[in-house]
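Same order as they appear, the protein sequences are chains A and B.
In this text, residue positions in the first sequence follow my numbering: the first is -8, and each later residue adds one.
In this text, residue positions in the second sequence follow my numbering: the first is 150, and each later residue adds one.
Mixed in with the good hints there might be a few duds.
[Stated by the list, open to error] Derived SDA-like pairs (lysine to any residue); straight-line CA-CA distance at most 25 Å:
#, chain 1, residue 1, chain 2, residue 2
1, A, Lys49, A, Gly34
2, A, Lys49, B, Tyr190
3, A, Lys115, B, Pro225
[Claimed, not checked] Which stretches of chain A does chain B cover? Using the computed rule of at least three CB atoms under 8 Å from a CB of chain B, they are:
#, segment
4, -6 to 0
5, 60 to 68
6, 71 to 84
7, 94 to 107
These aren't lab readings, by the way, just hints derived from the structure by calculation.
Where a beta carbon is used, it is the ideal one built from N, C-alpha and C, also for glycine.
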Amino acid sequence: MRVSVQGERFELGHEAEAFAQANTSAGAIVTFTGIVRQADQGGLVAMEIEHYPGMTHKALTEIAQTALERWSLRDALVIHRYGRLAPGELIMMVATAARHRKDAFEAAEYLMDYLKSRAPFWKKEVLADGAENWVASRAEDEDALNRW
Amino acid sequence: MDILYFAWVRERIGVPREWVETSATTVAALVEELRGREDRYAAAFADLSALRVALDQELSDFDASLNGVREVAFFPPMTGG
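Input sequences plus hints: build the corresponding full structure.
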């Protein structure tokens, strides 16, 4: 299991390939990637991601550890960036490796649901006109935890 | 005790962290104490339902005891992913 909280960019292809090659006995690999969306209107120029350095790695590790045990995963990977990101940049990725795809898919969804609402990250949109908006949490994200 | 603020809570209060001498025994009592200090605290803590709290880097709640706690963090609901 690897958890990385980093300012630097990462390469999706490289990370996915390395994860797959490290888990050739798994049978199923699922990856999910979050990307800074180019706004339809309003001209997003950047997404600023703040986090709680002392808590972030620990919170992500606990979430990943729970997923590993609950779905008997072979492996899990979580990468999450912080700092100022431009539209089109990758924010984060998760990967899961399991014997069969159902476990890999479910564990990846679990990781994402918990990561969105329980890992200490906050996003601020910076618009072309200089306006800055903190992205509000959504009730659906909180509700999503109830299914687990 | 060390108090940390994140996202718009940090912006409203104006500092990312500060050391506070307090005899408050619960998070709620600490919040009351801070609210009484200056308007910027009152503004940041106006609606507790819009806030979350972590004690020594574990999510907690406003009824929790501060006994033995070294670091308190206040922030809005997380928006990772």
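Now the hints, each set against the structure:
no.	hint	result
1	Lys49(A) - Gly34(A)	35 Å, violated
2	Lys49(A) - Tyr190(B)	29 Å, violated
3	Lys115(A) - Pro225(B)	12 Å, holds
4	-6 to 0	violated (count 0)
5	60 to 68	violated (count 0)
6	71 to 84	holds (count 3)
7	94 to 107	holds (count 3)
Consistency note: the structure conflicts with the earlier hints numbered 1, 2, 4, 5.
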